[in-house]
Amino acid sequence: MAQPVPPFPIAEAQLVSLFMQSIAFGVHLVVFSICLHRWFCRSQLPGFHTSPWPWVVVATVLFAIGMADVSLNLHNNLVAFAIHRSQNGPNFQLRNVSGWVNVVRVSFLYSDSSYALNQFQLRRRCASRTDYCPMPLL
240 MAQPVPPFPI AEAQLVSLFM QSIAFGVHLV VFSICLHRWF CRSQLPGFHT
290 SPWPWVVVAT VLFAIGMADV SLNLHNNLVA FAIHRSQNGP NFQLRNVSGW
340 VNVVRVSFLY SDSSYALNQF QLRRRCASRT DYCPMPLL
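If you count the sequence shown from 1, position 20 lands on 259 in the working numbering, and the numbers rise without skipping.
Treat the hints with caution; some may be incorrect.
Quick list of simulated restraints, FRET-style, between CB atoms [said to hold, decoys possible]: (1) Asn-341 / Val-270: 23 to 31 Å; (2) Ala-298 / Ile-322: 27 to 35 Å; (3) Phe-279 / Val-340: 16 to 24 Å; (4) Trp-278 / Ser-256: 29 to 37 Å; (5) Leu-301 / Asn-335: 22 to 30 Å.
Treat the hints as calculated values from the structure; they're not laboratory data. Quick reminder that beta carbons are idealized off the backbone N, C-alpha and C, glycines included.
Can you build the whole structure from these sequences, using the hints too?
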C-alpha cells in the first residue's frame with residue numbers, strides 16, 4: 240500500500256511560489272525588453288510605418304501587473320517570515336486571506352485575465368472584418 244502524501248504546508252508553498260514566480264518574471268523581463276527594443280527599432284525602418292503604440296501600452300500594462308504581483312508576494316513573505324514574529328509562526332500570517340495584499344493580488348489576477356480575454360474576443364471578432372478595428376481603452 241502506498242504511503243499517504245504528507246501535506247504541503249502553506250509556508251513552504253509560499254516560498255516555492257515566490258521562487259517560481261521570480262524565475263518566470265525574470266524570463267518575462269528579458270522578453271519584454273527584447274520586444275520593446277524590436278518594436279522601436281522596427282518602427283524606424285523604411286517601409287514599416289505602423290505604429291506600435293497600442294501594443295506597447297498593452298504589454299507595459301501587463302508587465303506592470305506582473306511586477307506588482309511579484310512585489311506583493313515578496314512583501315507577503317517578508318511580513319510572514321521576517322517581520323511578523325509570533326508563537327503561531329508564518330502559517331498564521333499566510334492564512335490571512337482577507338489581508339490587503341491578498342485582496343490586491345486577486346484583483347490583479349482578475350483584471351489581467353479579464354483584459355486578456357477581452358483582447359482575444361476583440362481580435363477574433365475583428366479578424367473576419369476588413370475594416371479598421373480600434374484598440375480598446377484601458
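Hint-by-hint comparison with the structure:
The hinted range of 23 to 31 Å is satisfied by Asn-341 and Val-270, whose Cβ atoms lie roughly 28 Å apart. Distance hint check: the CB atoms of Ala-298 and Ile-322 are about 34 Å apart, consistent with the given range 27 to 35 Å. Restraint check, Phe-279 to Val-340: a C-beta distance of roughly 35 Å breaks the suggested window 16 to 24 Å. The hinted window of 29 to 37 Å between Trp-278 and Ser-256 holds, with their beta carbons roughly 31 Å apart.
The hinted window of 22 to 30 Å between Leu-301 and Asn-335 holds, with their beta carbons roughly 28 Å apart.
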